[in-house]
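From the two separate chains plus the hints, produce the assembled complex.
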Amino acid sequence: MRSVIEVAEDVCILDTEASPEHLARGTAEYADAMLIVVEPYYKSLETGRRMAVLGTDLGIPRVGLVANKMRDERDLSAVREFARSNHLEIAGVIPFDDEMPGAERAGLAPLDHAPDTAAVAAIGELAARMVGDGRA
Amino acid sequence: MKLVVAGKGGSGKTSISGTMARLIARSGRDVLAIDGDSNPNLALTLGIPPDSIGELPTLPRDLLQRTQDGPKLKQSLEEVCASHSLRGPDGVTLLVMAHPQHAGAG
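So the protein lines, in turn, are chains A and B. Position 14 of the first sequence, counting from 1, maps to 148 under my numbering, and the rest follow consecutively. Position 70 of the second sequence, counting from 1, maps to 52 under my numbering, and the rest follow consecutively.
Next comes chain B alone, as it looks inside the complex (with noise of 0.2 Å):
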């Protein structure tokens, strides 16, 4: 299942993403937690600490390229979380889509 979370800065969504995430994630089923939010805070609400998602390489523009059948991602899924995905409690896998400094270019 893919689901959105919406909502704007400051109406709770991130707490409530977050709080969700480890909710099914202990249910047994295998989470991928998008931080999509400009300023990333989605890994505090997960239970990462927020300095350890610093170093952490947010997710390239050039991540998908233009095949005969479409946009087709240049690593496997695999290797994109290999290098640029945290996990955190309950075993819920983070990618994070902006850096903060870098919110021009997300």
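Chain A extracted, bound-state conformation (with noise of 0.2 Å):
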């Protein structure tokens, strides 16, 4: 997968579970960056947490977290104590949105199903701040 990544046009994005066998296999080492979704409850912070420093270990450069589902200033807040203590950045804010799961379960996908919808915008942002530019 190395050389399939390292070859790749101009974005290459890879979707993983990054279980620590996935991790150690080696493909996300060649990574410029690495962003983790969490939800805003404690067991999805800590895995992500652990994610976070197994990434950081293989020497990818940005390591970020993406709080997904996010539903109100508790969640917010919750999510923002977590990072500040364990040292982690927020990538990325993604609200709670009935479109996504609505998304599926009409098998589209979600920028197809409900393309003006909060999270769909919240995702637009933050990949126009990964790739450097507000064209995204």
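Think of the hints as simulated: they come from the structure by calculation, not from any bench. Just to be clear, a hint being listed does not mean it is correct.
[Stated by the list, open to error] Simulated coverage check for chain A against chain B, where a stretch passes if three residues somewhere in it have a Cβ under 8 Å from a Cβ of chain B:
1) 194 to 207
2) 234 to 240
[Unchecked claim] Stretches of chain A that chain B covers, calculated by requiring three or more beta carbons in the stretch to come under 8 Å of a beta carbon on chain B:
3) 173 to 186
4) 254 to 264
Every value quoted in this text rests on a predicted model; they were computed, and no experiment measured them. By construction, the Cβ of each residue, glycine as well, lies at the ideal position given by its N, Cα and C atoms.
Dropping the structure here:
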């Protein structure tokens, strides 16, 4: 996989479970950045923290959390506090959005099912930040 | 840019990575999306009908050969993509690492 990733086109996105076995297999270490998607409850945050440690140990230069399915200020405070005390960066915050499971039920991409919904907008802003411009 | 999107099953990572891939492709960039999950679902969030990946070959373990300079692809990326990838909406190229029934082989 390493050579595939190295010669890939402009942007290569690898979607992975990131279990320790997966990451240790060597596909992730050539990444420029790693986003770890977490939900606002302890077990998910703690798993994310462990994945972040793995990513950093692999030498991935940018490692950040994406706080997903965020409902309210309480969720935001919980994630911020966890990130702060574990020296983790929050790369993005995606609001809880019924259109995301709705897309799955409809058998469609979220972007096709509900292009103007809040979660899609937030993902778009995250994407733009990751590639370093306002175009995405 | 090479980006890894990681997370537990159910966290929403595949919806996020698929949507990111589509939006970055719309901004004019070439995007390669790789489904590294043993339960591959990235096609759906990219807008590629999941039944169209049924016949798609997954990346074989012998894709790399060891040479003096380190591991090299046996085929060029273009050849790999020609036989192993699908193009989806907004021109995103999808490679799938494993089919569910071959989860142990990945």
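Quick rundown of the hints versus the structure:
| no. | hint | verdict |
| --- | --- | --- |
| 1 | 194 to 207 | holds (count 4) |
| 2 | 234 to 240 | holds (count 3) |
| 3 | 173 to 186 | holds (count 5) |
| 4 | 254 to 264 | holds (count 7) |
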